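S.K.: Using our numbering, the letters of the sequence shown correspond one by one to residues 387 to 751.
None of these hints come from the bench; they were simulated from the model. Among the hints, erroneous ones may be present.
To be verified - Straight-line distance between alpha carbons at most 27 Å, and here's what the computed DSS-like set of lysine-lysine pairs gives:
#, residue 1, residue 2
1, K741, K710
2, K397, K455
3, K558, K647
4, K561, K719
5, K701, K719
6, K677, K560
7, K647, K701
Model, not experiment: these values are computed from the prediction.
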Amino acid sequence: MIMQTYQTLHKDFKLNGNSYSIDELKEVAYSLVKEGEPYEKEIGDFLIDWLNESSSITVYTSGSTGKPKAISLEKEHMVNSSNATGNFFNLQANDKALLCLPATFIAGKMMLVRAMVLGLSIDCVAPSSSPMLETSASYDFVAMVPLQFGNSLNDLDRVKKLIVGGAPVSYKLKKEFLEASLRTNVYETYGMTETITHIAVKPLLGALIESSIDLDVFTTLKNVSVATDDRGCLVIDAPLVSNETIYTNDVVQLTSEKTFKWLGRFDNVINSGGIKLFPEQIEAKLVSIIKHRFFVAGLPNEELGQKLVLVVEGKQEIADLKDKLENLGSLKKYEIPKEIFTVDAFVETSSGKIKRKATLNKVTL
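Please work from the sequences and hints to get the whole structure.
M.R.: Written out as structure tokens, the structure is:
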């Protein structure tokens, strides 16, 4: 078996149904930049960067927890990441893949790299909230964000394996998927730009794993080890995709040397009356009673240190929401928001992620 490097192209690689040599693919990339739709231009820009002589490539973080920053990634590390994904999901040459994410960020870029490295036949469609409506074909492997996943439930019978990342999958969406009794194997992923997308996954539906395994636990890919720092945040050692140990702001509970449970972002933790509250855990409970987008956060409070508040997008009946919160049995007393704010529209990053602090400032100033 010939090992792929960033300087080679798998012989079975196809882009939108067509095979190319490296020189031919460069011409296609230039054509996409010059004449393509905006999303095709992004694909062309990345292919030009990937196919040049440089051993590294510059990518940008999404900016969901701060200002987007430029990161230099080694192309060989991106190849290693592709091989790890291929091995974990048993992807084979000539498998069909779909790119429905923007090629401006790492998740979209890596779908293209996986195709070039593993010999996948990849179709590209304009990124949208309902990507399966953009194509009538069936696919072996697709990557989506939760919004796309939720809007594609009626068409997932055309997808064999789906990875969902970029944000946690809500309890409501998980329930909808389970109730749909779909045969698609869906996996939540854990990763970031610095780890070249996912370094751990967990099945959304336990159809192919032992029932004794906690479905809420991430399992790391091969050659990845994890630990925690003194804050309880995840520390990642993945030498095949990063030359440095990666210290995250994700609070986790380690369940073994290869598995962990994600609790929430350290930046978002609320200390209310000496109790640590993880907004993400509370939000998972609230999703059953709030139809609009929302999040919970902490505001300074003399008595408690921080008080828990709820921020909801769009017009809401505050009294009705308060009543629903009081009667939601899954909420503990200290998990009930002390105050509710509404805002016409959340502040977002260019990739559509909510900027919590900026939105909170918008409603409290």
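S.K.: Taking only the CA atoms, is the gap from K741 to K710 under or equal to 27 Å?
M.R.: Judged against 27 Å, a Cα distance of about 26 Å means the pair holds.
S.K.: With a cut-off of 27 Å on the C-alpha distance, tell me whether K701 and K719 pass.
M.R.: The hint holds at about 26 Å.
S.K.: Can the restraint linking K647 and K701 be considered satisfied, given a maximum Cα separation of 27 Å?
M.R.: Status violated; Cα separation ~35 Å.
S.K.: Does K647 lie within 27 Å of K558 when you go C-alpha to C-alpha?
M.R.: 19 Å, holds
S.K.: For the pair supplied as a hint, K561 and K719, confirm whether the alpha-carbon distance does not exceed 27 Å.
M.R.: The given pair, whose Cα atoms are some 25 Å apart, holds under the 27 Å limit.
S.K.: Need the status of pair K397, K455: alpha-carbon distance at most 27 Å?
M.R.: Not OK: K397 and K455 at ~35 Å, beyond 27 Å, violated.
S.K.: Between the alpha carbons of K677 and K560, is the straight-line distance 27 Å or under?
M.R.: 15 Å, holds
In the structure shown, a violation is registered for the earlier hints numbered 2, 7, in ascending order.
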